[in-house]
Amino acid sequence: MARKLPSKDVVIIGLGWTGSILANELTDAGLEVTAIERGPWRDTATDYAPNFAQDELRYRIRHELFLRPDQTTFTFRNKMSDTALPIRTWGAFMPPNGVGGGGVHWNGETWRFLPSDFVLKTHLTQRYGARFLPPDMTIQDWGVTYEELEPYYDRFEYLCGTSGTAGNLRGEIQQGGNPFEGPRSRPYPNPAQVQPFSHALFAKAATGLGYKPFPQPSGNMSQAYRNPLGVRLGPCTYCGFCEWFGCANYSKASPQTTILPVLVRKPNFQARDNSEVTRINTDSTGKRATGVTFVDSGGIEWEQPAEMVILAAYTIFNVQLLLLSGIGQPYDPASNQGVIGRNFTHQTISDVTSFFDNTKFVFNPFIASGSIGMCIDEFNGDNFDHGPHGFVGGGYMGQVQTNGRPIETTPVPPGTARWGAKWKQAVRENYLSALKPGTGVHGSMYSYRDVYLDLDPTYRDRLNRPLVRITMDFHDNELKQNHFLTDKFAEIFQAMGAREVAREYRKGPYDITKYQTTHLCGGAVMGTDPRTSALNRYLQSWDIPNLFVMGASAFPQNAGYNPTGTVAALAYWSADVIRNQYLKNPGQPLHA
Amino acid sequence: MPRMALPAYATKMVCAMGALVLSTNAAANPLASGQDTAQIERGRYLTAVGDCVACHSDPSTGREFAGGRPIETPFGVVASPNITPDQQTGIGGWSAQDFDNALRRGKRPDGTHLYPAMPFPYYTRMTRQDVDDIRAYLSTVTPIHNQVEVNRLPFPFRIRGLMSFWDWLYFKPGDFKPDSGQSPQWNRGAYLVQSLGHCAACHTPKGRLGGDRDGHSLQGYSLQGWFAPDITNDERRGLGQWSTEDIVEYLKKGHNRYSGASGPMAEEVVHSSSRMTDADLAAIATYLKSEVGEQESGSVLAADDPQMKAGKAIYQDLCSACHRQDGSGSPYLIPSLARSPAVESDEPTSLLRVVFQGAQTAATGDEPTAPSMPAFGWQLNDAQVAAVTTYIRNTWGHAASAVSQSAARQAREALKPRPN
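Chain order of the listed sequences is C and Z.
The first sequence begins at 2 in our numbering and counts up by one.
The second sequence begins at 2 in our numbering and counts up by one.
Among these hints, one or two may not hold up.
Stated by the list, open to error - Okay, the calculated bits of chain Z under chain C, using three or more residues with CB under 8 Å as the criterion: (1) 176–186; (2) 323–335; (3) 358–364.
No lab work stands behind these hints, which were simulated from the structure alone.
The beta carbon of each residue, even a glycine, is placed where N, CA and C say it ideally should be.
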């Protein structure tokens with residue numbers, strides 16, 4: 002029997018980006034808010050100080066900041082006919098854990114999705130006809146438009162101090178920015194970061210090929226910044242320890258460096274760390290959430306009653322909690338009915354490694370930041386005519402190399418010995434003159450009927466809960482897309498003067514051991530029809546009006562960008578409607 | 002009334018009820034009869050200026066004014082007494098004269114002496130009106146029953162009678178004497194610094210028995226494992242390079258373009274100076290800028306000194322990413338080593354402490370970030386810490402004594418019982 006705590010106005014599950022944003026907005030509205038976080042409290046000086054943060058073995062190889070698979074994991078299979086097995090070492094993605102969530106270890110790449118991304122089904126059908134889309138593709142419109150989200154993208158960028166060059170200011174295309182982006186209401190709060198040699202060289206070659214390169218929008222500060230909440234960030238030092246690491250220099254936007262210093266001062270905010278929510282509780286009607294049950298680090302079970310529940314965990318955990326709490330109809334791919342677990346997606350990433358004459362090119366790859374890079378957007382979304390190519394979707398591509406860290410940065414030309422003196426010699430010769438962007442081609446993954454999440458029938462975690470089962474494979478559309486984009490990408494490195502360009506196409510089957518990104522999306526998607534979406538366009542549960550679900554789990558399909566900017570914009574959009582509409586008549590469904 | 006809006010409204014109700022309960026208490030308390038809300042409000046402000054809450058609250062329970070906080074003195078530890086209006090364990094039974102005797106004469110109602118951990122040698126210069134205002138405010142706070150064993154000193158200091166000897170040596174009772182040759186603002190600053198603000202309690206060097214050294218007012222003093230720096234206008238060790246606006250901002254926000262408050266000063270900012278009016282802070286800054294200080298030039302160490310060379314290498318490797326090559330840091334976030342008074346202090350106590358142990362700066366409403374310096378004691382040995390602090394003290398125009406390896410070792414030892 003769980004011990005019962007005094008009731009709160011709001012309980013938030015997970016204190017990452019969206020949990021922090023919602024907590025700050027709802028405490029500003031005068032509500033009593035408790036956030037419950039599975040992992041530990043983390044802050045800069047004690048958890049990733051500059052005299053130990055740059056430790057590739059500890060943080061990158063041994064995954065210090067991430068969830069431990071013995072806490073909980075997932076099972077995986079490619080096809081519905083396979084038997085899923087538990088993941089025992091993280092590979093394709095890195096589940097976050099702890100206060101700040103993925104906002105601690107991300108690179109800071111802060112993109113907006115294209116206006117057409119939000120109306121994808123309508124847009125593609127109008128341009129190419131319904132028959133152009135693969136029959137088992139289940140893409141749909143989001144129910145919210147870019148124009149509606151623009152003010153909220155803007156809020157997040159100003160919260161973070163995003164460094165970048167605007168490409169479209171109120172409809173006017175700007176030199177040096179991304180000409181394909183949707184109109185933005187004002188410039189980025191900070192100028193773009195200065196680009197190191199290889200990134201600048203990429204831009205020059207891309208320009209020569211007729212493209213319009215622009216600096217990747219970055220949550221790494223190009224200069225000192227004070228955000229609208231009064232929190233300070235310092236200039237980035239280009240240390241090259243960004244993704245997988247916490248920033249030791251207060252230079253990367255994270256909940257810790259933008260919101261939490263203000264939030265923790267508020268008397269109406271409370272946070273519980275090392276406490277894992279196991280269930281969202283509902284009343285006897287099943288139509289109202291009454292709070293959550295959680296387990297503390299001593300294994301003691303508690304009930305936190307609340308008037309309103311905000312589910313703000315990572316994609317898969319959002320879906321898991323909905324399934325375990327019996328909220329919404331679980332998705333069944335056989336009947337194509339149900340919504341929880343439906344339209345699960347990831348990303349389609351590939352890369353090229355290029356080798357240059359080491360007597361002429363010294364790139365010093367260790368001088369970098371997490372979101373450094375020059376990109377082109379000519380092959381993203383529907384920025385180009387897909388008609389001749391027989392696929393839909395796309396991605397940005399760029400020289401976005403974020404580091405030259407010693408354990409992983411050992412590029413050698415194809416055909417080199419895999420070990421021994423010859424391999425060492427090749428590493429020495431190529432370390433400073435080879436380029437490997439990491440996520441050079443950042444492609445979309447659209448949704449399919451047989452890619453989904455459900456509860457595993459066999460495997461359970463330490464709390465005896467069924468693990469989430471991932472069923473995922475690449476479809477021909479994404480593999481074709483990737484082949485096309487990777488070739489375009491390789492051409493630019495050739496134009497830079499590379500001696501040799503090795504193309505590493507993304508190939509099927511989907512491999513759970515190879516890192517792509519941590520951009521898992523979908524499973525509890527937003528939309529306009531309760532038969533195909535778990536949430537309405539305000540991220541409110543169709544079934545439980547006092548439950549809102551944040552995060553990329555709401556994406557009906559994934560675009561060719563990093564998701565954080567859109568995740569945060571949706572959080573602000575939802576917070577705004579909660580403050581201005583929902584609270585006037587709480588517990589009721591919001592209407593479009 | 003929508004359901005979700007209820008709690009915010011209810012909070013206001015509880016506040017109103019709380020005020021009601023308090024006033025009922027106050028009415029029952031003879032001290033507070035005939036309440037004067039303007040006087041209580043003045044007293045609330047003066048209580049913040051005097052930072053009474055810092056010492057008179059127990060950090061383990063957070064109960065304000067209930068006493069129990071251990072206060073380090075050069076002779077041992079005393080605990081702060083309960084100053085809530087509780088009749089048995091607080092000061093609820095004290096008359097106005099009793100309260101005045103304690104604050105301005107260092108005497109308890111039974112005639113025995115207070116230990117000078119209570120800054121009565123400074124409070125003696127307060128006006129009687131200010132004393133009465135503080136008492137009026139304290140009589141409205143919630144009475145807390147909390148018996149505090151104040152005297153935890155070793156023999157012979159635990160004999161209170163000895164304090165009459167101390168008073169004879171050091172205590173100079175008397176009112177604040179305005180200087181008619183100075184502006185009203187300067188005089189207000191002098192009054193705040195010398196009396197209620199009791200800045201000298203930490204910042205003025207002390208003699209062997211803990212009394213202020215004559216002629217060295219506000220020139221810096223080591224206590225509680227920190228060095229409270231010179232806050233005169235001394236160009237090298239004091240506030241000479243800061244404008245009055247810099248000083249005001251530091252006191253108000255805990256941060257200015259050059260530095261951030263940490264250690265006991267962070268506590269002072271949070272509880273006291275961040276709650277003061279801009280006019281009072283400007284007055285304090287004006288007064289401090291007028292205190293000339295020693296203005297003694299130091300001699301700079303040569304750049305090819307072996308400690309300087311080693312220190313430079315360590316600085317480049319470990320410090321320059323945040324504090325920058327030129328020691329300028331990042332305004333309001335990373336302190337400027339080039340413009341921070343603590344760096345060139347004759348005693349490098351604070352500098353060594355911050356390097357060994359790290360420190361968190363003050364969080365205030367204006368500057369909530371509260372950035373931290375990480376600890377380097379686990380990474381650098383004594384010789385390396387001595388070298389890098391020597392380098393910092395003799396670069397960017399600085400000139401201060403070298404830090405020896407043995408001084409670093411002693412500082413490391415001294416910090417062992419003082420974890421952050």
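Inset, instruction - Against the structure, test the hints numbered earlier, and report the numbers of the ones violated in rising order. - result: 1
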